[in-house]
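Novice: Sequence order for the protein chains is A and B. Reading the first sequence from the start, the letters are residues 1 to 346 in the working numbering. Reading the second sequence from the start, the letters are residues 1 to 321 in the working numbering.
Treat each hint with caution, since some may be false.
To be verified - For the chain A half of the interface with chain B, some residues (derived, Cβ under 8 Å), not all of them:
#1 D229
#2 L230
#3 G231
#4 F258
#5 G268
#6 D277
#7 L283
Said to hold, decoys possible - Okay, derived cross-link-like pairs now, DSBU-like style, lysine-lysine, Cα gap no bigger than 30 Å in a straight line:
#8 A:K31 to B:K144
#9 B:K292 to B:K262
#10 A:K22 to A:K326
#11 A:K326 to A:K345
#12 B:K198 to B:K126
#13 B:K198 to A:K345
#14 B:K126 to B:K144
#15 B:K262 to A:K326
#16 A:K326 to A:K312
What the hints contain is simulated information worked out from the structure, not anything from laboratory work. Glycine is no exception: its CB is placed at the ideal position from the N, C-alpha and C atoms.
Chain residues, written in single-letter form:
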Amino acid sequence: MTTPPTPTPGAPPVLLRVRNLKTYFVTEHGKGTARAVDDVSFELYAGETLGIVGESGCGKTVTSLSILRLVPEPPGHVLPGSLIEFEGRNLLALPAPELRAVRGNQIAMIFQEPMTSLNPVFTVGDQIAEAAIIHQHLSRSAARARAIEMLRLVGIPDPDERVDHYPHQLSGGMRQRVMIAMALVCHPKVLIADEPTTALDVTIQAQILELLDQLQSELGMAVLLITHDLGVVAGHADRVVVMYAGRVVETAPTDALFERPTHPYTEGLLAAVPRIDAPRARLHAIPGQVPAATAWPPGCRFHPRCPYAWEKCAAEEPPLLEVGDKPGHTARCWLVSEPERRVPKR
Amino acid sequence: MTLVDVHDLVKHYAGERSWFGLGRPRAPVRAVDGVSFTIAAGRTLGLVGESGSGKTTLGRTMLRLQEPTSGTVLFDDNDVFALDAARLRGLRRRMQIVFQDPYGSLNPRMTVEDTLREPLEIHGLKGAVAALLDEVGLDAAFAKRYPHELSGGQRQRVGIARALSVEPQFIVCDEPVSALDVSVQAQVLNLLADLQGKRRLTYLFIAHDLAVVRHIADDVAVMYLGKIVERAPAAEIYTQPRHPYTRALLSAVPEPTPHATKQRILLPGDIPSPAHPPSGCPFHPRCPHPRKNERCRTEPPPLRTITPGHDAACHYAEEPM
Ligand SMILES: Nc1ncnc2c1ncn2[C@@H]1O[C@H](COP(=O)(O)OP(=O)(O)OP(=O)(O)O)[C@@H](O)[C@H]1O
Ligand SMILES: Nc1ncnc2c1ncn2[C@@H]1O[C@H](COP(=O)(O)OP(=O)(O)OP(=O)(O)O)[C@@H](O)[C@H]1O
Ligand code: SF4
Ligand SMILES: [Mg+2]
Ligand SMILES: [Mg+2]
Numbered sequence: 001m002t003t004p005p006t007p008t009p010g011a012p013p014v015l016l017r018v019r020n021l022k023t024y025f026v027t028e029h030g031k032g033t034a035r036a037v038d039d040v041s042f043e044l045y046a047g048e049t050l051g052i053v054g055e056s057g058c059g060k061t062v063t064s065l066s067i068l069r070l071v072p073e074p075p076g077h078v079l080p081g082s083l084i085e086f087e088g089r090n091l092l093a094l095p096a097p098e099l100r101a102v103r104g105n106q107i108a109m110i111f112q113e114p115m116t117s118l119n120p121v122f123t124v125g126d127q128i129a130e131a132a133i134i135h136q137h138l139s140r141s142a143a144r145a146r147a148i149e150m151l152r153l154v155g156i157p158d159p160d161e162r163v164d165h166y167p168h169q170l171s172g173g174m175r176q177r178v179m180i181a182m183a184l185v186c187h188p189k190v191l192i193a194d195e196p197t198t199a200l201d202v203t204i205q206a207q208i209l210e211l212l213d214q215l216q217s218e219l220g221m222a223v224l225l226i227t228h229d230l231g232v233v234a235g236h237a238d239r240v241v242v243m244y245a246g247r248v249v250e251t252a253p254t255d256a257l258f259e260r261p262t263h264p265y266t267e268g269l270l271a272a273v274p275r276i277d278a279p280r281a282r283l284h285a286i287p288g289q290v291p292a293a294t295a296w297p298p299g300c301r302f303h304p305r306c307p308y309a310w311e312k313c314a315a316e317e318p319p320l321l322e323v324g325d326k327p328g329h330t331a332r333c334w335l336v337s338e339p340e341r342r343v344p345k346r
Numbered sequence: 001m002t003l004v005d006v007h008d009l010v011k012h013y014a015g016e017r018s019w020f021g022l023g024r025p026r027a028p029v030r031a032v033d034g035v036s037f038t039i040a041a042g043r044t045l046g047l048v049g050e051s052g053s054g055k056t057t058l059g060r061t062m063l064r065l066q067e068p069t070s071g072t073v074l075f076d077d078n079d080v081f082a083l084d085a086a087r088l089r090g091l092r093r094r095m096q097i098v099f100q101d102p103y104g105s106l107n108p109r110m111t112v113e114d115t116l117r118e119p120l121e122i123h124g125l126k127g128a129v130a131a132l133l134d135e136v137g138l139d140a141a142f143a144k145r146y147p148h149e150l151s152g153g154q155r156q157r158v159g160i161a162r163a164l165s166v167e168p169q170f171i172v173c174d175e176p177v178s179a180l181d182v183s184v185q186a187q188v189l190n191l192l193a194d195l196q197g198k199r200r201l202t203y204l205f206i207a208h209d210l211a212v213v214r215h216i217a218d219d220v221a222v223m224y225l226g227k228i229v230e231r232a233p234a235a236e237i238y239t240q241p242r243h244p245y246t247r248a249l250l251s252a253v254p255e256p257t258p259h260a261t262k263q264r265i266l267l268p269g270d271i272p273s274p275a276h277p278p279s280g281c282p283f284h285p286r287c288p289h290p291r292k293n294e295r296c297r298t299e300p301p302p303l304r305t306i307t308p309g310h311d312a313a314c315h316y317a318e319e320p321m
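Kindly generate the complete structure, drawing on both the sequences and the hints.
Specialist: Laid out in structure tokens, this is it:
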């Protein structure tokens, strides 16, 4: 059940297609089903960086885990009808051995917290080399040489010494570099980076993001960059997917998103970000809070917090509508079809 | 009028023994290493610096929640470190703290109401919980709730209400919004600004996010490895940073504008450990200043006045980078 890629003349090919992805969790104490990712669709094109932004709990990590079938089951499950298509194959239907060949080799992932994904009892060199041995059938000594080369590539000083260090002997920034080295050792086509710099200080974050940009252009891979930081997206993504409450609420080329944020959530989020270049002033705040995944509001999921909402918003959820300024700019908001209503009530 | 006067404050944590107590003791952690500043009544000093630079230690030691290694803190002319227990308790009422972690700082077994009553009882004060909740923008119905029933932003409001309950003059806000989502962070920052106006509060506002500080502080101090490396009025430090570390820090903040034209200064290497600070200028191993030389490796630059009201600890603070 593969959908043929939509041919757009001149556009790079679609590498990874996520269609109608639904990943739900059964919660404890009968609090109901958490609809963490609820009908999410997007494409990742060859060579691009696609940013996924949204606040805590909106489903960013569950989306990325679902792509590689790493969602813990139970309590989680990916619903039938979801499709993750990579090079013409549905990863969700792939037999385990074939999936393993894709995972780490063609699609690699780096996580939010490097310490939880590095094994404390193996040296960083062994951990990097392992992937090269499994997927590329290198000999031990060749794999070790490869590990040193990767450590050098990600900018770790004295790589031939560091290769024998354990994770706890490294700083947070260096661990994140090791994670990147592990992810890139097989030259994947897709790198999923889930908040790769959130745990790091700004000066170290700047180093790592610079490194990712540089490696991407050298190796020509596509990057799915997951973050809650609109600043990171502005500087590093070609296109952006904005998520709210388990849904995609806006997609756009990065320039269009910042020039013309169309969904009121995107608009509010951009206005709420404190800016380093603006004088001291009150910040714009979005009233209320993100709802729980077990009780998304009916109608438009943002309507209880939206300054423009009217009856229709509470009654009926809008589909993703073409904004019309730039190709590929869509927003899940009735204002797209009734722009005269964009008058804040509060 | 100066309300808070910190002079040459030092806080070292004793080095632990390695090898289960058998090895040589490790070098002490110089978490706060000779810090001086003043805050005038009704003003906000923003304190920024990266993880481990000593911000929390400074805030806690100033309130004598932990004992200093040396130095003095005057609060409204009272020598905080010289007070006996009874007088310290009296002073505590006037100096409060809001913690970084809205999850760990509230007792999970106490309702919001109990949490807010406790400090009132300790200090023998009367106060209305409902009015406090109202002041921080929470509905009175929240009084009966437990922390796990609250969102991060709501917990942080309870933490602020708890600090306010004893009617303090000075509040150390230790990263009060770092754990919050952007949309909620703005709510809490606005609340803190409103309360300051209404109650004439004085804040030490700790953050690692320079953009957040810009929206609340009158003056900004930048910490690196236990030392203040630059201090200036907020409007000035963002437009005319003098210390190369401040310049790099400002340039590293990701701006929500595509194709931002600002020049990035990428710092090499990692932040050193405060147990083994580099010799001379503590920033020298990472410093990108074109004038960096042997003097930086050997001679610690003092925090000195560059222009009136603007101090920096760099031998070449006057020179362009
Ligand atoms: N193992 C699990 N069991 C139950 N619910 C889960 C589980 N993992 C995630 N969820 C729920 O799924 C929703 C989405 O979580 P997810 O981790 O994808 O958010 P996120 O966007 O990555 O947030 P953050 O920015 O905090 O990382 C949340 O409401 C979360 O509580
Ligand atoms: N109780 C303690 N015992 C020993 N060392 C400590 C203790 N508390 C803090 N330190 C160390 O002192 C230094 C300064 O820590 P502090 O928590 O003050 O930094 P910070 O600037 O608040 O960092 P963050 O931004 O991560 O909160 C760090 O190296 C830390 O590991
Ligand atoms: S659909 Fe209505 S409630 Fe939803 S974002 Fe648009 S205007 Fe607001
Ligand atoms: Mg996440
Ligand atoms: Mg701290």
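Novice: Against which earlier hints does the structure fall short, listed by number upward?
Specialist: As far as the earlier hints go, not one is violated by this structure.
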